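All chains, please: the whole structure from these sequences, using the hints.
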Amino acid sequence: MSQSEMSRAKRHLETTARMKEMLPRFFMRMMERRFSNEPLAWCMVGVPPELLKAFDLLFEWPENFGTMCASRLVAPRFIEVAEGDGYSPELCSYVTNTMGYCKLFKEKGEAPEESPLPGGMGTPAMLLGSGFICEPRWKWFQSVATRFFDVPVYSTDPLAPPWDVDPTDPRIAEHYLTLLREDLAGQIEFLEKQTGKKLDIDALREIMALSHQALAYWRDTLALRRAIPSPMGSTDYFHAIIPQMYLVGDQEAVDFYREMYEEVKNRVERGVGVVEEEKYRLIWFGLPPWFNMGIFNYLESHGAVFAYESTYNVGDYFEVDLSDPLEALVRRTWQRALKMHEFGAEAMPELCNPAVFGGFVGSNLLEELTRDFSLTGAMMHLTRSCRAVSFGEVHTRNRFAQIGLPSLIFESDMADPRLWSDAQIKTRLHAFLETMDKVQKGVNK
Amino acid sequence: MPAGKKVNTKQPRATNLNEEEIRRIKTDTGKPVIGYLCCFAPPEIISAAGAIPYRITGLPGEDNSAADAYTEPYGCTYVRNILARATRGEFDFIDGLVISHSCDMVQRLYGIWTYYHPLPYSYLFNVPHQVSPWAQRFYKRELGFFKESLEQFTGRVVSPEALVEEIGISNQSRTLVRKLYEQRKKLLPGISGSEMLNLLMAGGTLPAKAFQAKLKEALLKAEAAHGQESAKPRILIWGSIMDDNALFRMVEEAGAVVVADDTCIGFRVWEKDVPQTVDPYDGLTEHYFVNFQCPRTDRGPGSKRFDYLVERAHEYKADGIIGYVISFCDPHKLDYPDLRDYLKAEGLPMLLIDDNYSFEPAGAIETRLQAFVEMIG
Ligand code: SF4
Ligand code: SF4
Numbered sequence: 001m002s003q004s005e006m007s008r009a010k011r012h013l014e015t016t017a018r019m020k021e022m023l024p025r026f027f028m029r030m031m032e033r034r035f036s037n038e039p040l041a042w043c044m045v046g047v048p049p050e051l052l053k054a055f056d057l058l059f060e061w062p063e064n065f066g067t068m069c070a071s072r073l074v075a076p077r078f079i080e081v082a083e084g085d086g087y088s089p090e091l092c093s094y095v096t097n098t099m100g101y102c103k104l105f106k107e108k109g110e111a112p113e114e115s116p117l118p119g120g121m122g123t124p125a126m127l128l129g130s131g132f133i134c135e136p137r138w139k140w141f142q143s144v145a146t147r148f149f150d151v152p153v154y155s156t157d158p159l160a161p162p163w164d165v166d167p168t169d170p171r172i173a174e175h176y177l178t179l180l181r182e183d184l185a186g187q188i189e190f191l192e193k194q195t196g197k198k199l200d201i202d203a204l205r206e207i208m209a210l211s212h213q214a215l216a217y218w219r220d221t222l223a224l225r226r227a228i229p230s231p232m233g234s235t236d237y238f239h240a241i242i243p244q245m246y247l248v249g250d251q252e253a254v255d256f257y258r259e260m261y262e263e264v265k266n267r268v269e270r271g272v273g274v275v276e277e278e279k280y281r282l283i284w285f286g287l288p289p290w291f292n293m294g295i296f297n298y299l300e301s302h303g304a305v306f307a308y309e310s311t312y313n314v315g316d317y318f319e320v321d322l323s324d325p326l327e328a329l330v331r332r333t334w335q336r337a338l339k340m341h342e343f344g345a346e347a348m349p350e351l352c353n354p355a356v357f358g359g360f361v362g363s364n365l366l367e368e369l370t371r372d373f374s375l376t377g378a379m380m381h382l383t384r385s386c387r388a389v390s391f392g393e394v395h396t397r398n399r400f401a402q403i404g405l406p407s408l409i410f411e412s413d414m415a416d417p418r419l420w421s422d423a424q425i426k427t428r429l430h431a432f433l434e435t436m437d438k439v440q441k442g443v444n445k
Numbered sequence: 001m002p003a004g005k006k007v008n009t010k011q012p013r014a015t016n017l018n019e020e021e022i023r024r025i026k027t028d029t030g031k032p033v034i035g036y037l038c039c040f041a042p043p044e045i046i047s048a049a050g051a052i053p054y055r056i057t058g059l060p061g062e063d064n065s066a067a068d069a070y071t072e073p074y075g076c077t078y079v080r081n082i083l084a085r086a087t088r089g090e091f092d093f094i095d096g097l098v099i100s101h102s103c104d105m106v107q108r109l110y111g112i113w114t115y116y117h118p119l120p121y122s123y124l125f126n127v128p129h130q131v132s133p134w135a136q137r138f139y140k141r142e143l144g145f146f147k148e149s150l151e152q153f154t155g156r157v158v159s160p161e162a163l164v165e166e167i168g169i170s171n172q173s174r175t176l177v178r179k180l181y182e183q184r185k186k187l188l189p190g191i192s193g194s195e196m197l198n199l200l201m202a203g204g205t206l207p208a209k210a211f212q213a214k215l216k217e218a219l220l221k222a223e224a225a226h227g228q229e230s231a232k233p234r235i236l237i238w239g240s241i242m243d244d245n246a247l248f249r250m251v252e253e254a255g256a257v258v259v260a261d262d263t264c265i266g267f268r269v270w271e272k273d274v275p276q277t278v279d280p281y282d283g284l285t286e287h288y289f290v291n292f293q294c295p296r297t298d299r300g301p302g303s304k305r306f307d308y309l310v311e312r313a314h315e316y317k318a319d320g321i322i323g324y325v326i327s328f329c330d331p332h333k334l335d336y337p338d339l340r341d342y343l344k345a346e347g348l349p350m351l352l353i354d355d356n357y358s359f360e361p362a363g364a365i366e367t368r369l370q371a372f373v374e375m376i377g
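So the sequence lines, in the order shown, correspond to chains A and B.
Quick note: the first sequence uses the numbering used here, first residue 1, plus one each step.
Quick note: the second sequence uses the numbering used here, first residue 1, plus one each step.
For the record, the hints were derived by calculation from the structure and aren't laboratory data.
In this text the structure is predicted, and so the values were computed from the model without any measurement.
Ideal Cβ positions, reconstructed from N, Cα and C, are used throughout, including at glycine.
Treat the hints with caution; some may be incorrect.
As the list claims (entries may be wrong) - Lysine to aspartate or glutamate pairs mimicking DMTMM-like chemistry, simulated, CA-CA at most 25 Å apart:
| # | chain 1 | residue 1 | chain 2 | residue 2 |
| --- | --- | --- | --- | --- |
| 1 | B | K344 | A | E83 |
| 2 | A | K103 | B | D354 |
| 3 | B | K304 | A | D85 |
| 4 | A | K441 | A | E277 |
| 5 | B | K31 | B | E19 |
| 6 | B | K147 | A | D164 |
| 7 | A | K20 | A | E277 |
| 8 | B | K140 | A | D437 |
| 9 | B | K344 | B | E374 |
| 10 | A | K103 | B | D341 |
| 11 | B | K344 | A | E277 |
| 12 | B | K140 | B | D279 |
| 13 | B | K140 | A | E174 |
| 14 | B | K140 | A | D164 |
| 15 | B | K221 | B | E21 |
| 16 | B | K185 | B | E253 |
| 17 | B | K147 | A | E259 |
| 18 | A | K103 | B | D279 |
| 19 | B | K185 | B | E148 |
Unchecked claim - Covered by chain B, according to a simulated footprint, are these stretches of chain A (three or more residues, beta-carbon under 8 Å):
| # | stretch |
| --- | --- |
| 20 | 79-91 |
| 21 | 158-164 |
| 22 | 176-184 |
| 23 | 390-403 |
See below:
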């Protein structure tokens, strides 16, 4: 497979460019702690980092590691090792990336040299999983602990009500809230046992206060993208989620998101956009192709910018009362479930981030976004190996068709570049730009 | 059989027969039919509410393109098959739909189906993914909500007595099924795997009395069978949904016998009785949630989670295991490497058939089956 001309990506904001210095500093600090044999947890999106910070626990994200392996183009190597071990090419490429990595790690007794981080992911002392969004998550850490690292696992199970029951009915709310509370208690009991520490509630409260400050800046930054021209691009957006995983709850994250907010606001005030002549304003659905993030820059070179991305969008973050931080964690999760309901998301009753909205139905969310962000089209990345996030795209396309907004579904993957062909993708992108042209001309006639 | 020949066109298929049957039963009884997918929502509650539970099955190998208007091409081909059938109106005999949150695909099928083809009654039965005490409490509460929703639909209260009676009746069927499985432990099993699966398919459809009559008849026949032939290699089949016996027939044609299984619709549903507890909902929780073996439920890390399967293989003196996984079936495909390694360590060879719910190309599958049967024979 020859390298794609889209494998390099350019960011537009100074704040996100500065991550190039900030993140290595952070990873070095983490490495030092790892080398002093502090226990390390591998965890999944859906595990609140604030809780882990309150235990002063070191943690890594195999999902995020998967994105890094993908963008450094080493994921195919790990995925092929996993396939040789019997994992189907259809399976989530973050999972197979982890499985291949673990196999090589165990064989060599250390991180394989092609690993993106210095020292790769370290040896876990525990695995903290989550059933948030998809099924493969349940099997992923189960298998890591079965095949490679015989360490304890705790997975949370944030179930949410399906679209056609009323979550404001107090009996239904209690049904789900009870599960969330009891599950959190189980998670804390596990963490106390594994770390030998008691949870410091006051520390958790402070960490959550900081994390909410950071997330509020992030929310406000995303709202600024309603401006025409759009002040911030998708390459900035997708990179700027990393501090949410590792640093949220630290002052450093608050500073980062505040600076980002100020920079974007300043661009809006000065009318500085991602591109000089903004011809198309898009919404992005699905996981990005981490190995070819230059696709966003390629589109920008043709006057197309994204004003909104559905995935990882915690823009609708929730004000919760922090006086009881445990209840706040539960309520935050529940608020997300309620928001999903308001949006009418029927197809994904698991607790999703409100904007992983693969399957939205009778709501007016799509109309609202189209209006508020002045959208001219929607692009959906159908990731073959992650059905969880791409499920519902056909349905969403049907809904957009009712609104009269053109959309494009294109197939590839988040970490596995084998389905990608520059020539084919470009042909589809140009056909889509032409469709938007025609629709816009039709509207303006 | 020559390569390219469609193995599953041998008619009539159990699904077709059962659907004819249910239409007749519906006309005779005038009761509403509630279609269900996956095994977490107990059919006994549906019966106790005065409706007929009907296990929805698909037609492997049939055209799934009708699903393309609503959903992506990448998804469990069984689920896509069901959606395509629903779209074509082939389930016009069902008045209601219960889908349990088993795997991602089934759960998401619920939303798409009920949005585009709404039914007079529909319920998504939510199921936690692990069997912790709090997950069990959630499941039991969910049973209560499910019961209430059915009562509203049928207008009939589900009394504890009626429920206990339904559980008793279904346990009688389980006893008979287990007796038949006992017969399969014999050197020459008195019933073939393909016959057994067809019987169990009817178990999701027929009223208990009719089902039990069929089971008794098969049992008499099995008990009377005397082994004349020499013993054949014995196979246990593990994997994704099995709602057509084509693979079983192919294994039989390759010269082996299917003596046991661990699949949905197969033994998973019938293996144990629903415990008779003071509160019937406790027994249902234990049976349909705690004890129900499906890889979508997390039973913690380690190979111990497969012990039940190894025990079953030994009990039925299986010489080998055939795994059957459907395209995009995450729970089974993700379990495969762990299971394969554990079986190997236990001295049990395994062959994996990765299929897109069509049993095609039949010739290629047959060649692999024959090679495997020869190897273990
Ligand atoms: S949501 Fe998708 S990418 Fe994430 S773990 Fe699940 S299958 Fe993989
Ligand atoms: S075959 Fe697999 S993916 Fe399909 S419904 Fe069954 S468990 Fe789910």
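Status of the hints after comparison with the structure:
no.: 1; hint: B:K344 x A:E83; result: holds, 18 Å
no.: 2; hint: A:K103 x B:D354; result: holds, 23 Å
no.: 3; hint: B:K304 x A:D85; result: holds, 20 Å
no.: 4; hint: A:K441 x A:E277; result: holds, 17 Å
no.: 5; hint: B:K31 x B:E19; result: holds, 15 Å
no.: 6; hint: B:K147 x A:D164; result: holds, 16 Å
no.: 7; hint: A:K20 x A:E277; result: violated, 28 Å
no.: 8; hint: B:K140 x A:D437; result: violated, 55 Å
no.: 9; hint: B:K344 x B:E374; result: holds, 18 Å
no.: 10; hint: A:K103 x B:D341; result: holds, 14 Å
no.: 11; hint: B:K344 x A:E277; result: violated, 63 Å
no.: 12; hint: B:K140 x B:D279; result: holds, 11 Å
no.: 13; hint: B:K140 x A:E174; result: holds, 14 Å
no.: 14; hint: B:K140 x A:D164; result: holds, 20 Å
no.: 15; hint: B:K221 x B:E21; result: holds, 24 Å
no.: 16; hint: B:K185 x B:E253; result: holds, 20 Å
no.: 17; hint: B:K147 x A:E259; result: violated, 54 Å
no.: 18; hint: A:K103 x B:D279; result: violated, 48 Å
no.: 19; hint: B:K185 x B:E148; result: violated, 42 Å
no.: 20; hint: 79-91; result: holds (count 6)
no.: 21; hint: 158-164; result: holds (count 5)
no.: 22; hint: 176-184; result: holds (count 4)
no.: 23; hint: 390-403; result: holds (count 7)
The earlier numbered hints that this structure contradicts are 7, 8, 11, 17, 18 and 19.
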